[in-house]
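Chemist: Chains as they are written, first to last, in the working numbering: chain A, 8 to 347; chain B, 8 to 347.
Keep in mind that a hint or two might mislead.
Heads up, the list lumps identical chains together, so a pair's fine if it works in one copy or across two of them.
Said to hold, decoys possible - Here are the simulated EDC-like cross-link-like pairs (lysine to aspartate or glutamate), alpha carbons at most 16 Å apart as the crow flies:
#, residue 1, residue 2
1, Lys127, Glu336
2, Lys318, Asp179
3, Lys242, Glu313
4, Lys54, Glu304
5, Lys70, Glu301
6, Lys99, Glu118
7, Lys99, Asp110
8, Lys242, Asp273
It is worth saying that the hints were derived from the structure and are not from the lab.
2 protein chains.
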Amino acid sequence: MNRTNPTPTMKDVAAEAGVALGTVSKVVNGLPVGESYRVRVEEAIKKLNYQVNSYAQGLKLNKTRTVALLIPNTTEPFYGSLVHHINISLLKRQYRMLLCCTDLHGGLEQEYVNMVQQNKVDGIIGLTYDPNLKVDAGTPYVSIDRSAGPGVPCVASDNFAGGQLAAEKLADLGCRKVAFLRTGSSLANEPNKRKAGFENGCLSRKLSYEMKIISDGEPYEEFDRFLISHMRDGKLEFDGLFCVTDSLAYYVLKVLRRLGLRVPEDVQVIGFDGIRHLGFHDYVCSTIVQPVEEIAEMCVTLLLQENMPVKPPLVCLPVAYAYGGTTAEGREGDAPLSRQ
Amino acid sequence: MNRTNPTPTMKDVAAEAGVALGTVSKVVNGLPVGESYRVRVEEAIKKLNYQVNSYAQGLKLNKTRTVALLIPNTTEPFYGSLVHHINISLLKRQYRMLLCCTDLHGGLEQEYVNMVQQNKVDGIIGLTYDPNLKVDAGTPYVSIDRSAGPGVPCVASDNFAGGQLAAEKLADLGCRKVAFLRTGSSLANEPNKRKAGFENGCLSRKLSYEMKIISDGEPYEEFDRFLISHMRDGKLEFDGLFCVTDSLAYYVLKVLRRLGLRVPEDVQVIGFDGIRHLGFHDYVCSTIVQPVEEIAEMCVTLLLQENMPVKPPLVCLPVAYAYGGTTAEGREGDAPLSRQ
């Protein structure tokens, strides 16, 4: 790597062009100035490879070309993937991302919102859990997965359709008695619709089902107990399981292995999210894939679309089923991706 | 969520205090002003909950309390974990992170550096691959995993010790003939020392070894061919494999399964990084764990330590071995973590 001289300032441009600092400022800010001056300043800018300080410009224009993203962490794959694609969508529009990871302590979401508002970010995209979060009416804001009240668009997967698709897939693949396993936030949010969608799918396909739902603080071992309580003579009463996330499916697959059950022969398993092992290998399980790239692009589009008189309150994007080795229809190997 | 009124500005404070805007500015910037004015401004600041715009202040002080992080992506778990911990380390010091994901196209690392320098970030932390990357001498800079030239501290795991530890572990666990499998960048970098460390460990333990090293563009199937070429009568000639990353180990474990080989009974496998499935479940394999939290903290400490006359050119942080089911010493279940 080479260490170069400091980047040129507006003063350097003025010296190079032989004009006053104010003249450079006018040219940079698009204000009228004599043609010969404008040419000299533009040539100096080109020669020195001077780039406008967009923070300084932002303070004048009330723009910083910076968007804050509030998200719990970047260590869980679904969040890591969202961060990645929102970053790409912002970059395409010459916007930068201020990353605010919020799962360190309870009040951090509000602290971050206060901080970034004071610093004039052009908007906030948030996947948040604080139901009382306060965001200025003047700050463009888009929420992921949770409604944040009137005037704030919420972008999510079509979680209801995803739950329904999981039930229909299990029915199509020959299941007769299935269960839905869920853990997670008790807050009203879009992912909670997976349950209603699944129930709807079971009812329409006349599929017998049970639910095991635990709340955030409870231990995963509750699922072990639930499954064990449904064992009869070494067999599980269910031949299909729908897990609310791939992460839960990963845990459940290990429990099933310990119980001596074969997947998919004895019981088929479908997860939700579309996570791949280590970021880019095979799917963790057969799964309902969230369209992360489309969610990211939609959030950024809605956030920066200033001349949109009415913003949609809720945008649900289509999910897809992908085979990942834990259902009966495919073979081992690369998972095909079938659109819904 | 509640939508509140816009955050108060300096003008609001001036109006509330009944003083001129310049007086508020002086108080905020710590300049001398009559005591009664100072008290009135401070009371107005408190009443309105006005917070100083740190970007605006940053332009004056040449500080923005913002650090840019250049990293390939947030979808691969090692990068996602680094982003997470660097964010925490910055947050503890009231710094924000500007996230710059760079693996979209070749020139992006330099574009990002140019952009953030123009915007007066207080420093850059980079895990970069462009050997010709140019960073201003005046911009504090810390590099991860790759030396970026004189004056730029490089922070990494002790990769040599990690390679050596992998060889010693395989020897301790009864291996007699082992192989090192590597893919990755051909650039000079710290992770490349895993190879030399492994060789050193094999030599000191009189462990017979081979190497299979492929470069970035080549297909992983080269490893299939290498392993198949070392099969004799349904048995692999190696009883231990050291894979340069957990991601490669994950791939190799699948190849071994296809070849009908049992892990760890027929062949033991050690990876590198310390990745857990889906962010927080069990280890992908027995592995040399990188101290991601310590790397993050060291990068931020070195970056922001302004009054340090000489910065260390290379900091290597200790790694640890963790059992993850693919070596012979343990049982199934939670992996214990043994410090080196």
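Chemist: Look at each hint and say if it fits the structure.
Modeler: Hints, verified against the model:
Proximity of Lys127 and Glu336 under a CA criterion of 16 Å is satisfied in neither setting, with 52 Å inside one chain copy and 56 Å between copies. Taking CA atoms no more than 16 Å apart as the test, Lys318 paired with Asp179 passes in neither setting, with 38 Å inside one copy and 64 Å between copies. In the homo-oligomer, the alpha carbons of Lys242 and Glu313 never lie at most 16 Å apart, since the shortest distance is 58 Å inside one protomer and 65 Å across protomers. For a Cα distance limit of 16 Å, the shortest separation of Lys54 from Glu304 qualifies neither inside one copy, at 36 Å, nor across copies, at 40 Å.
Taking identical chains as interchangeable, the C-alpha atoms of Lys70 and Glu301 are never at most 16 Å apart, the minima being 26 Å within one chain and 36 Å between chains. Taking identical chains as interchangeable, the C-alpha atoms of Lys99 and Glu118 lie at most 16 Å apart only when they sit on different chains, with a minimum of 13 Å there against 28 Å within one chain. Taking identical chains as interchangeable, the C-alpha atoms of Lys99 and Asp110 lie at most 16 Å apart only when they sit on different chains, with a minimum of 14 Å there against 28 Å within one chain. Taking CA atoms no more than 16 Å apart as the test, Lys242 paired with Asp273 passes inside one copy only; the shortest distance there is 8 Å, against 31 Å between copies.
The earlier numbered hints that this structure contradicts are 1, 2, 3, 4 and 5.
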